[in-house]
Amino acid sequence: GDSVTQMEGPVTLSEEAFLTINCTYTATGYPSLFWYVQYPGEGLQLLLKATKADDKGSNKGFEATYRKETTSFHLEKGSVQVSDSAVYFCALGFSGGSYIPTFGRGTSLIVHP
Amino acid sequence: KAGVTQTPRYLIKTRGQQVTLSCSPISGHRSVSWYQQTPGQGLQFLFEYFSETQRNKGNFPGRFSGRQFSNSRSEMNVSTLELGDSALYLCASSQESSGNEQFFGPGTRLTVL
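In order, the protein sequences belong to chains C and X. 1 is the number of the first residue of the first sequence in our numbering; add one for each residue after it. 1 is the number of the first residue of the second sequence in our numbering; add one for each residue after it.
Where hints are given, some of them may not hold.
To be verified - Straight-line distance between alpha carbons at most 30 Å, and here's what the computed DSS-like set of lysine-lysine pairs gives:
| id | chain 1 | residue 1 | chain 2 | residue 2 |
| --- | --- | --- | --- | --- |
| 1 | C | K77 | C | K56 |
| 2 | C | K60 | C | K49 |
| 3 | C | K52 | X | K1 |
| 4 | X | K1 | C | K56 |
| 5 | C | K77 | C | K49 |
| 6 | X | K57 | C | K68 |
| 7 | C | K60 | X | K13 |
| 8 | C | K49 | X | K57 |
| 9 | C | K68 | C | K56 |
| 10 | X | K57 | C | K52 |
| 11 | C | K60 | C | K77 |
| 12 | C | K77 | C | K52 |
| 13 | X | K1 | C | K49 |
| 14 | X | K57 | X | K13 |
| 15 | C | K68 | C | K52 |
| 16 | X | K1 | X | K57 |
| 17 | C | K49 | C | K68 |
Unchecked claim - Selected chain C positions facing chain X (Cβ under 7 Å, derived; list incomplete):
| id | residue |
| --- | --- |
| 18 | K49 |
| 19 | G93 |
| 20 | S95 |
By construction, these hints were calculated from the structure, which means they are not laboratory data. Quick caveat: nothing in here was measured; it's all calculated off a predicted structure. The beta carbon of each residue, even a glycine, is placed where N, CA and C say it ideally should be.
Here chain X stands alone, though its shape is the one from the complex (with noise of 0.2 Å):
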């Protein structure tokens, strides 16, 4: 089975500008889950989706917003970006939880100049 993908896998932005980053889970994976790695703040939970609902959120801001598709991919999105937005982005999927194993893609790095 082919793995988690994330693309971009590389992205320079500047303060002010959105982007949209997108998410493949394994076929047959139901839960997807976005995470924000930093050094000082470690790994952060942003959102679950399941069956194209938002079924769990983190304590992030409006600006930060994800949606999946009937085929599970998935999207977020980070509007009027900020410095402190500069991270690696991760998504991860599951079968049907996110509390169960789950299998993380190899990120997204966002700089935000």
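Same shape as in the complex, but just chain C (with noise of 0.2 Å):
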């Protein structure tokens, strides 16, 4: 079956520092990949998407590219802030029909000042 594979957190961050989490994923076809984010108290919001190999996700200075030779999903933010501190999830899914969406377990972020 589909599988998301994220790296295992907590993710610990001085202000302003550089940000990578991992996402790899296994599927059949060719899905949409997502990164949701949640803050504490909160559900999840969409953070970004891509559709399509090569395509680029960018929100709110984070960006993720769609890589199906390495099947990776990585999230990168260039200088991260306090208020970035939050749990990311990367997921999959494909679109028109009946799909589960896959979910990865998810990568605690803390940033410190």
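Could you fit the two chains together into a complex? Lean on the hints.
As structure tokens, this is what we get:
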């Protein structure tokens, strides 16, 4: 079956440090890929997405590129802020019809001032 | 557009009781999915409803059930509560399919004593 593997957390960084959260996937076909973020006490919200190979999703300074060759969708940000502290989920899905989306286990990011 | 709303936000029940949680999707969204989130198991898919029909079901016992109304609002019910049912229950809506980007509500925090 389909699966998503994320790096284990927590990831602890100082403010203004560079962030990478690794995500690799296994799927039959060509899924859409997503990064969701969950702030404390809230539900998940979509951070960015990419729907085909070589697409780059970006939002709020975060970026991720859909790499079909390496089946990866790593999340990056050049300079993190304390307000970026949250749990980040990588996910994959297929549009149309019935499909159960696949989520990674989440990576907790803690940013210190 | 108003976001996904869930009621109640917090709930405390005792073992053996039953509970009903409610979710109102974003206007125009026809797919509603439910997830259980716990620290140990992460985000687990419960079921998806589309046009009042259950389209997908995760690996949960029959004590977990749901339904969707003609206005796309959804409810989930858990009967004979167990301590292990304590979790954050998240509802997510999407326009056509849970395989597309989803919009999550803030969740209902259920505590079973």
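Against the structure, the hints:
Taken as a hint, the C/K77 and C/K56 pair is honoured in the structure, with Cα atoms around 13 Å apart against an allowance of 30 Å. The suggested pairing of C/K60 with C/K49 holds, with an alpha-carbon distance near 13 Å, which does not exceed 30 Å. Proposed proximity of C/K52 and X/K1 is supported: the alpha carbons are some 28 Å apart, at most 30 Å. Distance hint between X/K1 and C/K56 is fulfilled; the C-alpha atoms sit about 27 Å from each other, no more than 30 Å.
In summary, the hint linking C/K77 to C/K49 is supported, as the alpha carbons are separated by about 15 Å, within the 30 Å threshold. For a cut-off of 30 Å, the pair hint linking X/K57 to C/K68 stands: about 29 Å separates their Cα positions. For the given pair, C/K60 sits about 39 Å from X/K13 by alpha-carbon distance, which is inconsistent with the 30 Å threshold. Distance hint between C/K49 and X/K57 is fulfilled; the C-alpha atoms sit about 25 Å from each other, no more than 30 Å.
Restraint check: the Cα-Cα separation between C/K68 and C/K56 comes to about 12 Å, which is no more than 30 Å; the hinted pair holds. As the CA atoms of X/K57 and C/K52 are separated by approximately 27 Å, the hinted pair is consistent with the 30 Å bound. Of the pairs offered as hints, the one joining C/K60 and C/K77 holds, with about 9 Å between alpha carbons and a cut-off of 30 Å not exceeded. Restraint check: the Cα-Cα separation between C/K77 and C/K52 comes to about 21 Å, which is no more than 30 Å; the hinted pair holds.
For the hint pairing X/K1 with C/K49, the CA-to-CA distance comes to about 21 Å; that is within 30 Å, so the pair holds. For the suggested pair X/K57 and X/K13, the alpha carbons sit about 25 Å apart, so the restraint of at most 30 Å is met. Taking the CA atoms of C/K68 and C/K52, the gap is near 9 Å; set against the 30 Å cutoff, the hint holds. For the hint pairing X/K1 with X/K57, the CA-to-CA distance comes to about 28 Å; that is within 30 Å, so the pair holds.
Our distance criterion of 30 Å between C-alpha atoms is met by C/K49 and C/K68, whose separation comes to about 14 Å. Because the beta carbon of C/K49 sits about 6 Å from the nearest beta carbon in chain X, less than 7 Å, this interface hint is met. Residue-level restraint check for C/G93 holds (minimum Cβ-Cβ distance to chain X is 4 Å; threshold 7 Å). Among the interface hints, the one on C/S95 holds; its C-beta lies about 5 Å from the nearest C-beta in chain X, closer than the 7 Å criterion.
Checked against the numbered hints listed earlier, the structure breaks hint 7 alone; every other hint is satisfied.
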